[in-house]
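Chemist: Here is what each chain is made of, one letter per residue.
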Amino acid sequence: MFVIIRRDLLIAARRKSEVLTALFFFVIVTSLFPLGIGPEPTLLKKIAPGILWVAALLATMLGLTRMFAPDHADGTLEQMALAPTPFGLLVAGKVVAHWLVSGLPLVLLAPVLGIQFGLDAGALGIMMIALLLGTPLLSLIGAIGAALTLGVRGGGVLLSLLVLPLYVPALIFGAGAVEAHLSGLDVTGHLSLLAAMLALAVFFAPWATTAALRIALE
Amino acid sequence: MNNRIIHWFKYASPQSFYPLAGKMIPWFWATAAIFGAIGLWISFFVAPTDAQQGEGYRIIFIHVPASWMSMFIYCIMAGWAGIGLALNTRLSGMMAQSLAPTGALMAFLSLWTGAFWGKPMWGAWWVWDARLTSELILFFLYIGFIALQAAIDDPRRADKAGAILALVGVVNVPIIYFSVKWWNTLHQGSTINMTKAPSMATTMLWGMLLMALCFWMYSIAVALSRVRAIILERERHTEWIKGVLN
Amino acid sequence: MLTATGLACVRGERRLFSGIDLAVAPGEWLHLQGENGAGKTSLLRILVGLTPAAEGDVCWKGESIRRLDEDYRRDMVYLGHHGAIKEDLTALENLQLGAGLDGVELAEKDALASLWCMGLKCREELPVRVLSQGQKRRVLLARLLAKKAVLWVLDEPFTALDVKAVAMLSDLIGEHLASGGMAVLTSHQAMPIAGGKALQL
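Residue numbers (the numbering used here), protein chains in the order written: chain A, 1 to 218; chain B, 1001 to 1246; chain C, 2001 to 2201.
Please keep in mind that the hints were generated in silico from the structure rather than gathered at the bench.
Since the structure is predicted, the reported quantities are computational estimates derived from the model, not experimental observations.
Errors might be hidden in some of the hints.
Said to hold, decoys possible - Not close to chain B: a few residues of chain C, all C-beta gaps over 10 Å, as computed:
no., residue
1, 2019
2, 2022
3, 2066
4, 2081
5, 2190
6, 2198
Claimed, not checked - Short derived list, chain C residues pointing at chain A, Cβ under 10 Å:
no., residue
7, 2045
8, 2051
9, 2052
10, 2069
11, 2086
12, 2093
13, 2103
Claimed, not checked - Heads up, simulated DMTMM-like pairs for lysine to aspartate or glutamate below, C-alpha to C-alpha not over 20 Å straight-line:
no., chain 1, residue 1, chain 2, residue 2
14, C, 2136, C, 2087
15, B, 1242, C, 2013
16, C, 2136, A, 74
17, A, 16, C, 2087
18, C, 2061, C, 2075
19, C, 2197, C, 2028
20, B, 1181, A, 186
21, A, 16, C, 2088
22, C, 2061, C, 2021
23, C, 2164, C, 2175
24, C, 2148, C, 2069
25, C, 2148, C, 2175
26, A, 46, A, 186
27, C, 2148, C, 2070
28, C, 2197, C, 2171
Just so you know, even glycine gets a beta-carbon here, dropped at the ideal spot from N, CA and C.
Work out the full structure, taking the sequences as your base and the hints as a guide.
Modeler: So this is what it looks like as structure tokens:
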């Protein structure tokens, strides 16, 4: 499994532009909202968690097509399916690599953008933790969608249609955690639910993704 | 009825299911019509006028059964899809495919009747009520399923991919429902809550139950008709279809 | 030791073939022949386990490959239509990472030896993207040497190879068969390798 992670990270390092595009998307989208809504500080502070989370969702979606499609196109996905190592393990490795390249930078970048919206240090901290729990969840669920739409017509848009409804719980609890902090309420509920969903996804998503990939390879 | 259960596997192939479905369809239409007639009569004439909401609340007799059916059909659809995936049977996948549009219709109906209820009651066409929002997401899940199957050319692959999507969806539906419910109670934006319908008189409950049965029979009838069409389309190269068409 | 009985394949709505039986013993190789679209690649993919057969079963050493799963995949190497190499990585990295996936530790000098054997000296450190089509195929073939598999399943292995490389690959296959290996190939060319059987689709 670490072989795959190493391989994907090597490739990502050689193709930096693709990775950075999603990150810039994140930055630009979050900057667009104040321009569209108005710079009133209290309003911005209130909508900040939601905006940051939606932007993170969309940025993750952008990177999902890159997860399996290149490997499928050049035949390496077949070789992974035929390797002696369990396919599920290799798929999990790909998801981890994808998160390291697409999700983790979002976690690190979010506080910087949060300052734009006037969030205080505590809220930024909660935001980071929520994203830290949430972005792997997004990668895992997104992997299922990416595997289902591999090589299918209208791939990118279809992928969004399939995956965004499934992202709703993560969005609700992720943004909810920060909002709870802003209202002075307890955040542990939200965060533990996020953690629970993440645990569930870690167990089931690779299995569903592998099944979907096998179907795509038939 | 006993005979059918024992010889059930005989009907597992499209070839033998096709005529069976044809014979069953008229019966389901008939029962749907009967239940519908009684249900509508109860909802319009027997159920009392509500003290707070007047006559407009009667749309609940369409709204609630439609919501129930949309959830029920999704579970059944996921069940058929799962069976098709596990046992590698063609007919199960076809059943799942035929149920999806009806389920989507139920969800759509539930959303629209929700809007028609909301407008006279609370003055808004759309309210972010927990149930309505979950219904909306369920609708998206249906559309996603239909779109995925439409986008894949190979019918066997479409069946299997749809099955995985449906199974993932069925696991997520409770999660989505509860998260949306939490979200709704958290944001005390509105005190509108459609689950707090007028306190249920027994007649109202009967009305909704009968309408639900009506929708159920209707769904089965429509799904069977649709599966016959799907069988015709998918098996069009086989010999027995050519016999049927001639 | 590789046997298959009653294989049938359905692609979309067409039945490509049915009732295919085959057997390959150590030291033998099978030449799959047929026109374009006859189903040669589909049959290879069924033998390898990527596509499930509509009917029939494939057995390795007497057991169904579905039950053997990883044990079968360890003994077998498949080279398909697509060159299964990552273009952004160097040839050396491709070989080593490929070996890692196969669960084998490939030391750098062994990897280099395979690449030199394939005539890729002085090109190991370049990203594969800049190599020519024939050189890319040679990187792929280097993997054959690196993974010590018993069964070689090769789909059109001679495409894009020049005359010298074709001869070299034929020799390699011959050596592999002589040491008790097996191979299943498709190719539009006639191949003068001993111990061959033909199967026409």
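Chemist: Hint by hint, note whether the structure agrees.
Modeler: Hint check:
1. Consistency note on residue 2019/C: stated as away from chain B, and its beta-carbon is indeed over 10 Å from all of that chain's, at 18 Å minimum.
2. Residue 2022/C, annotated as away from the interface, keeps every beta carbon of chain B farther than 10 Å; the closest lies near 24 Å.
3. For residue 2066/C, the non-interface assignment is confirmed: its Cβ lies about 12 Å from the closest Cβ of chain B, beyond the 10 Å cut-off.
4. Once the 10 Å rule is applied to beta carbons, residue 2081/C is consistent with being away from chain B; the minimum gap is 18 Å.
5. At the 10 Å boundary, the C-beta of residue 2190/C stays outside the reach of chain B, the nearest C-beta of that chain being 34 Å off.
6. The beta carbon of residue 2198/C sits about 30 Å from the closest Cβ of chain B, which is more than 10 Å, so the claim that it is off the interface holds.
7. Annotation: interface hint on residue 2045/C holds; nearest CB of chain A at approximately 8 Å, less than 10 Å.
8. Taking 10 Å as the C-beta cut-off, the interface hint given for residue 2051/C holds, the closest approach to chain A being about 5 Å.
9. Interface restraint check: residue 2052/C against chain A, minimum CB-CB distance 7 Å, threshold 10 Å, status holds.
10. Here the hint on residue 2069/C is kept, as its CB sits about 9 Å from the closest CB of chain A, short of 10 Å.
11. The beta carbon of residue 2086/C comes within 6 Å of a beta carbon in chain A, closer than 10 Å, and the hint placing it at the interface holds.
12. Look at residue 2093/C: its Cβ gets to within about 7 Å of chain A, closer than 10 Å, so that hint holds up.
13. Evaluation of the residue 2103/C hint against chain A yields a held restraint, the C-beta minimum of about 5 Å falling below 10 Å.
14. Restraint check for residue 2136/C and residue 2087/C: satisfied, since their Cα atoms lie roughly 9 Å apart, inside the 20 Å limit.
15. With a C-alpha separation of about 16 Å, the suggested pairing of residue 1242/B with residue 2013/C holds against the 20 Å cut-off.
16. Distance hint between residue 2136/C and residue 74/A is fulfilled; the C-alpha atoms sit about 12 Å from each other, no more than 20 Å.
17. In summary, the hint linking residue 16/A to residue 2087/C is supported, as the alpha carbons are separated by about 15 Å, within the 20 Å threshold.
18. At roughly 11 Å between alpha-carbon atoms, residue 2061/C and residue 2075/C fall within 20 Å of each other, so this suggested pair holds.
19. In summary, the hint linking residue 2197/C to residue 2028/C is supported, as the alpha carbons are separated by about 8 Å, within the 20 Å threshold.
20. A distance of roughly 18 Å separates the Cα atoms of residue 1181/B and residue 186/A; the hinted pair therefore holds under the 20 Å criterion.
21. Distance restraint check for residue 16/A and residue 2088/C: the Cα-Cα separation of roughly 12 Å lies within the 20 Å cut-off, and the hinted pair is therefore satisfied.
22. A distance of roughly 16 Å separates the Cα atoms of residue 2061/C and residue 2021/C; the hinted pair therefore holds under the 20 Å criterion.
23. The straight-line distance between the Cα atoms of residue 2164/C and residue 2175/C is roughly 17 Å, inside the 20 Å bound, and the hint therefore holds.
24. Between residue 2148/C and residue 2069/C the alpha-carbon distance is near 18 Å, which keeps this suggested pair within the 20 Å criterion.
25. Between the alpha carbons of residue 2148/C and residue 2175/C the distance comes to roughly 13 Å, so the proposed pair stays at or under 20 Å and holds.
26. A C-alpha spacing of about 17 Å is found between residue 46/A and residue 186/A, which places the hinted pair at or below 20 Å, so the restraint holds.
27. The suggested pairing of residue 2148/C with residue 2070/C holds, with an alpha-carbon distance near 15 Å, which does not exceed 20 Å.
28. For the hint linking residue 2197/C to residue 2171/C, the alpha-carbon distance of about 17 Å falls within 20 Å, and the restraint holds.
Consistency note: the structure conflicts with none of the earlier hints.
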